[in-house]
Every structure is written in structure tokens, then in C-alpha cells.
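In order, the protein sequences belong to chains A and B.
Quick note on the numbering used here: the first sequence kicks off at 1 and runs consecutively.
Quick note on the numbering used here: the second sequence kicks off at 1 and runs consecutively.
Hints listed in this document are in silico derivations from the structure and should not be mistaken for laboratory results.
Zero decoy hints are in this set.
Some but not every residue of chain A turned toward chain B, in silico, with C-beta under 8 Å: (1) 61; (2) 85; (3) 96; (4) 105; (5) 118; (6) 121; (7) 124.
Ideal Cβ positions, reconstructed from N, Cα and C, are used throughout, including at glycine.
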Amino acid sequence: MNCDGSAILSAQGLVKSYWLGTTQVPVLRGVNLDLARGEFLAILGASGSGKSTLLHILGGLDRPDKGRVLFNGNDISSFTARQLNDYRNRRVGFVFQFYHLLDELDVLENVYLPAMIGKGLVGWLTHKRTAVQRALELIDQVGLGHRIHHRPWQLSGGERQRVAIARALMNKPDLLLADEPTGNLDWATGQGILALFGALHRSGQTIVMVTHDQRVASQATRTVFLADGQVQPGHTNPSSSNNSKIG
Amino acid sequence: MYRWVLALRYLVSRRVTLIAVLVVALCVFVVFVVMTVMNGLVGQFKERTHSFVGDCVVATESMVGFPYYDRFMDVLRSEPMVDSVSPVIRTYGLVALAGRQDAVGIEIMGIEPNSHFTVTGLGQGLHLHRDDPQTAFCSQADPNIPGCILGIDLVLNRDSSGEYDYRWLPLKATYDISCFPLTARGALERIGTGYVNTKRFGFSDVSHTGLAREDGGLIYVHFDQLQGLCGMSRPPARATAIHIRFKPKVSLQHGTRQVEGLWDRFAKDCQGMPQADLLGLVRVQDWKTYRKSTIAPMEKEQIAMIVMFILVATTAVSIVLVVFYMIVSSKTRDIGILKAVGESFWGVIGLVVNFALLIGLVSAFLGVLAGWLFLRYINQIEGWLFARFGFQLWDRTIFSIGQIPNQIQMGVVAVIVMCALLVCLTGCLLPAIRAARTQPVDTLRASPI
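Okay, chain B solo, but in the shape it has when bound:
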């Protein structure tokens, strides 16, 4: 117990320990703030992706799609673990304002609003139909033509605060959407006199998913409309994906495995039926695997960040080691005294370790406190910096980020505090051994003889 008392006295009486405390506290502060913000951003991104996709996807990469999706949906609906299912067609086409020739390439998604807004959170991102998603594909301009929903960044710009000005919604706009129907073998299919199928849609709403690719390059139309445009409605009708939402207590892995088993049996049962070979291209994936191409870069950034923090921690360890060496060197006489009055090798180690733990605890407390205060006011600080100097951490006109995430996760705090203690313990290890090996007579005698 005296070791804690002595360690505490060393802490408050030695100015050099302040350097160690400040270094570790600064590291804790930086790691805490950056990890909280990064975890918030990655978490937000994953949440939005999950919300956009649902829990599980039965999909093919092929634009041809796969048949008998409706039958498999019936199989899924009869499963107690499945909450809801929705057929989807995802394809590419051309879109142009009605009557104009400047068509641009675009990704088009066909969904059934009734089912899709139950499976996914897409309905919550609508602006005009958030409370009534069933009428999402009713054209604003002309009730006689079908409506389409546009990714919000296709029609509105974000201002510097990340907000959209909805007064500029193109409520009267109509669009000509052209698709290229494919046969079941993947060849272009002639429709009438050409290979292009064009239909006029009226603007019905915008969708704000918070995902840059979807908000900036995706148009949603009714599933039946797109199926017709793509020539996929002729029997056996085709879709490119089925999105599934599981019941609340069903785990992602378990649910996906179950669906996989169901699909394998279903595909086997369909053998010999027309276009059944297309079923072989279908994969069953949970939402994370389905979207790994977009999630992976974020996760790589997280790994890069962790590597960076390891470098930060190594620097901190080095500084703590140097500081401890300085302290131990200046305290060899004390160590000699302690050993002269009977302190053991491990007792001296314990004293230095206690000292290191105290530095770690104080530093972690200061770092977390400073980090907590900074995170609490991070958006106000950024707002002030923007108003005063025009500086923004992320340009809101470019990045789909609203507020900087500052939700503190206690798990992160616990890990950082443990790491701070570990850094101090690692840094003190060599000096502690050196101190413990000190021979009392070497430090206490007035002269060598």
C-alpha cells in the first residue's frame, strides 16, 4: 500500500512526470476523438446501407435476372423467420427530360413500394411520400403517367450546411426513361422496330438514403413498369433480386443460412423448367456481403486508422519509457533506501508499475475528459470555424454528412483507457527492471570504497 502512496507523491512532485501525463493524455484525446468520429461515420454508413438493402438478398449479378422469383417469394413468405420480402430489378438505362435529346446513363431500380418499404427503410428517405409511401409512384405533374423517384442529388444541391432546399423540387418535370430489353440468353431483344424500350415518367418524389452512389445516380420506378421496360415480364417473368427482412429475433447468419438452404432446394426443384439455368447464377448473401464492395473501403480505412494509432501508441510508449528512465535514474537513491529497509525485487517493480498505472489513469482521465468535452461541442466548434474561417472538416456540398457523429461508445472508452494503461505499463517495464536490479550498496555508499 505504501507503494501507492509513494507513487502518488512521485506523481505530484516530479515535473518530468507531467510530460508523460501530457503525452499519454494527448494520445488518449486524439484516439478517442478520431475513433468516435470514424466509428460514427462507419456505423452511420453501415446503418444506411443496411436500411437500403434489408437483411438478406437473393440476387444475380446478371442484368438478365432470374425466373420463378415469385414462387420463391411464396416459399419465403411461408417461413416463420421471414418478416417480409420484396422483388427488385436493378438495371441500367438512359434518362432525359421529356422532349430533350441529352439523355444520360443511369442506374434504374424497380421496386414494389408496398413490400419494399416494409423490407427496407427506403420509404423513410422520401420527401413527399414519407407518410404515404404506397402512393410513391404517383406522378406530381400528370396522374395519367407513372411516377418515378429520383436520387436526391440528381435534382437538388446541398448547401454548405448539408441541407437541401426542397423549394427547387422539379414537381412538373417528366422524364423519358429508356431500357434495353434482354432475352433470357442475354442478347438484346427487338421491341417493335428497335432495341430500345422508352417510357415517359412524371416526377413523384426524391429519395435521400445518405449513400452517395444511390442518391447521385439512381432512379426508382415501379417494379411492374421496369419489368415491362426490360422485357422481363413475359413468362416466366424475371427479377434481378429478392430483398428479405427477417423477424426481429432472427440472427443474420442463421437467417441467411436458412434462406440459402431453401434456395438450394428450390433451384433443384426447378431443374428442367424453362430458363432454369439462370437460377445457377443466383447468390444468397446477407446485406454486409452483398454490399461488401462499398463497405470494404470504409473498413480498410478503419484498419489504416488502427495502424496509425499503433504508431501513435509506439511513440507514446517511447516517450513514457524515456520519462521513466529519467525518473528511475533520478530515484536510484530512493530505490537503494527501500531495498536497504527490506524491499524485494518485485516490490520495487510494483512501485514503478504503480507509478506507471497512476500516470496511465490520470492521463486516461484527462484525455477522456478533454475528448468528451471536445466531442460534445464538435459540431458547434466546426460551425464556428466555418463561420469565422470558412473551414469545414467535410465539405457538406460534396459529402453526404450532416452532423459530425459524436455518439460516445463506452466500449471505445474502455478500450482506450486499457490501451493507455498498457502503454504506460509497457513504457515502464525496462526502467522497472533496471530499478529492481539496483544494488542498494551502489546507490547508498558515499564513495566506491
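With the rest of the complex left out, here is chain A:
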């Protein structure tokens, strides 16, 4: 663990509800959460407890009804559209349960996609070489060096999730957010993915992972429970496994 104690992310009084038809369903009822730099936090909760909603709000994909999220002391709800895009692109890396890769791009292109966002022709020509180099390293590190020109539909679930992790790391984000990263995988494959997260954490990557699985959450250095729309007192896990290095 490489936690330096300074808060990289802080959620304060987050409230969020959804309308299902005419019924308002409260999901988050004043969530408070602090995340230290270099920490590997697991948010554990039952299905429908609002874990994903919380993660989306932390990642700037959704907005809370009330409350605020501070990233390095800055309230992301006050970000301009440009700053928010930059936050999603460079500060945060997202790993989704269903991988969410672009079927029209191959593995290599999917991985270096975040580096190409917002680049014009000149930016493309200037950065492509570096981006491809970085993407190849990441693909190699997630063990898919032999699959760079395969399309997502030609890969297994575990391989797709590895590509998604490589993509999330492409711009060296301060924060890696993972939404049930093993939820769609068998146990053995999921263990491989968790091993990757462990290695990332040891190399200093700050990670927030939501899961409903206690065994998965135990891989993190700290776990908090989300129930009734609020964070319940958590605990610190003794260690995480795997020694492979990545990032």
C-alpha cells in the first residue's frame, strides 16, 4: 500500500433519488466518504443499494441532487463542461461491469482511445506514437500482447475486462473507479482481474471498487458498506494479494 494520507476525493452529504414513473425512489441519503491518495477502497452493498450511483457521481458521470464531491479540494459540480470532460478523461479511469468497449475498434485502438479524445489531426500525429507505445505497454502488462488487433467480440469476458482496465489506465489517472469489475466473470477469471487491481494498488494507484461480493471486497485495503442510502462504518482489510506490477 502506498497511501500518503492526503484526501484525493471527498464526498460530502450526497443525496440522489430517481423517479420511477410517479414514484420518487431515494438512493443516496447523505453519503459522506473520504478517500486517501493511494488507497484501495471497496464499497460493498446489496443490489440496488446505490453503489453504482455513488461511483458514477464520484466519476463525474452523474450529478447528485444535493451534496458535493471534492477532487483534490475542488468541487466537481462547479466544473465547467470542459473541466468535467478533462476530469473524466485525465483524472479518472472507469472500469465497468460490462466492459463497454467499442466494437468497431480493435484492442489497441480501444486502449489508446482516451489519449486521442479531443485531439485534432495535428494532435493525433503528434501524440499517436507515444499513445500507441503506452497502449502497447499496458496491453502487454494485462497479458494481451498477442491480441492487439482483435476486436472486442473476439475476446473472452476476462480479456475484455483487461482491455477495459488498460483503457482506464491509459491517461495515468489519479483515480481508478471500478463498477463490479468481476461481476460478469467467473470466479477464476475474476481473481485474475482482482490480482491486477492489487498490483495497480501496490504501484500507487488510488482505486475505488464497488461490489456486492464480500470476497471481492476483501481484496481492497478498506471496505465501506452502503446500506439505506448511507455509508455504514467499515473496516480495514489486512492485505491484498498478487505481486505483479502495473501502471
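Given chain A's structure and the hints, the job is docking chain B onto it.
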């Protein structure tokens, strides 16, 4: 740049985009072919009209004509912008084969071959005197009587390929042409014992201008002959028009304005002279204005065609819009992913617009290529259709059209390609905005909660 790559992948991987490509390509093909043919026909018609008239005409609508035309021609000849001038009389009369009573009404034009064939391209349309237009009014049958040139459709029929069989030229024919002389006040003038002046002319040639009205209803005789027949040769002699050809670098508008100024001064100088009131009826017009009654219907057809194409374009826009809506609807997850990794509102718009531009470019290329091939072989295709099924786009026995015009104008191609791109851009606009407004969380989460 990745947007172009992704747009290209969408183009080749989505079958529904083929529908958009085919629709736009088909529209481009139709518009390209029809515009090329129509522009060719209108251009051909204008060119023939210009060739028939010259650059500028000083004319009166009145059959009485106007005096002092010869003096004004001298004024014009002294102008450096004027290349050549020619006096003309255009009137109506009766014509009958010599010795027969079945006279028919006809329009008669009196011209001086030496000057008129320099001012206009009429000499190029002669069959027997194309290389020697000065002898155009020498009768074929009898050198002792004056000759006349007949509009070709008066004596020959076109065959199904639009060609004339010149073996049937009436070389020995003579015609009695009757005119009705008018006084300077417009009343019928008694000549001898009657009001009709008749003279015999021998057939000298046919004129093929490519203009239906002229080729089917006009007889040309020498200016002096017609002036005598119409009683316009007595001093001050009269003509109904002066046709003018400008020097090559003189613009039509500038030249016509200059002639107008000269005419106004000339008419003023002639005030108080006999029959000078007739000069007030004279108008100076460039050839387009002079012939607007014949050109306007063609131009109206062109406008109608453009309106029709706007409807075609609207249909294409609608189809492209529907196709884009389908594509964007099926790609909301991708858009969500792109926004999740930091793509902006305008970045997503750019992606959809790039996609639309690619569809437009590919469609325009395919449409223009198909149109070019079709136009290149359009006459062969029509020939084959005629030989096989007896179908002709224009019945050549009726219409004065030879080959279907298929000259490709790069300006037309450029406009059509731009329109195709515009159609695609217009069609993609709403779906693009819809895509850009997509909230990533709406498309990426597994369940609402």
C-alpha cells in the same frame, strides 16, 4: 482524428448506412443526369438563339419599320466596339408554289447576306451555300429570278434519328411570295391596282438553325427584295431591325448600354425629319431580352426542375434523418462510453457530422460516377432502346434535337456534391444533437438504480 476512424468503421460495419448511401447516391445520380441534359438543352437553345440574332438588336415591333436605319448603321460602324451590323426586315406574307392557289401564311425575313452572315451564324446553317453564303440568294432553278432560303422544316422531314434526307430538296421549285405594303402610318398601301405585292422567287437553299419556330415557319429573301415588296424602299427607306455583333472583348451589357446611348442621341438628332415619330417605337435590346419570349419558357422549366430537385433533396434529407436516428439510437452505448472517457458535447457532434460527411462523400462519389458513366453512353443507350423497343426520349421527327447533350460541367458536379454533403449534414443535425445530449450514465448503467 479518431472520429474519422470511428465514423469510417461505422460506415463499413452498419448495413443501415448503406440505405442512406444508396438514397443519396441515387439522388445525386438523378440530379446529375437530369441537370446535365437539361442544362445542355437550354444551353444549346440559347446558343442557337444567340447565333440567330447576333449580340444586340435595334428593332421595332411595328411591321411599318423605322426610317434612317442606314444612317444609324453608319454611326454604329464608326464605333470601335462594333464588329459588324446588318439591316433586317421581318414581316408576314403569303407563299405558294408558283402557279398554285393554295397560299399559306408565313413569316418572311429580309437580310443582306454579306453583312448578316457576319453578324449572325445563319450562314453556317445553310446546306448548299455554307462555304459561299454571298451567293445564298441565287435561285437554283432560274438564275434570272431572285432566290429564297426556306426554313428546313418547310421542305424536309426529319427521320427518326433526327437527320434530314437532302436528296429531297426542291431544287427546281419556285414560289410566289406576296406581301402587304404599309404606309408610314400603318395603313395598307395601294400598289398598282391592288393592295398586294407579289414576286416570284426560286428555291436557293434551306436554313437549319435548330430553332423550331424559325426552321418551320420562316422564309429568307434578300433585304432589297423584301424592302421593295413591303413598300419600304421609298425614301426615307425603312427596316424593322438592325442586328449588331460586338467585338470579342466587349461585354453584352456594356455594348448594349453604349448602343442605347447612341440611339437616344440619334433619335434626338432626327427630330423634325419626315417619319421621325417611328423612331420612338424602336428599342435597343441585347439578344437575351430580344428573345425573352422564347427563352423564358425554357428558363421556367429550369426553375420547375430546381423546385422538383428541392423536393427530391427534402426526401433524401428525411431518409438520411431517419437512418441517422436509427444509427444514433443503436449507438447510444458507444456515445456513453465516449463521454465517459472525456468526449465533449461538440466532440460527439463532430463524430456524427464526420459520419454524415463520409456518407455524403461516398454517396456523391458513387452517384457522380454512375451519372458520368450513364451520360457518357446516354446516346448509345437511347439508340439501343430505340432499336430494341422503339423508345426515344425525344421523338426526333418532332423535336429539333440531335444527340442528347451530355457535356459534363464541373460547376454542376461541384454544386451537386456540395448539395449531397449539405443534405447529409442537415439530415444528421437532429440526431447529432440528440447524441451529444446523451448522458453517459443513462446508457452505461445496468439498471436505473
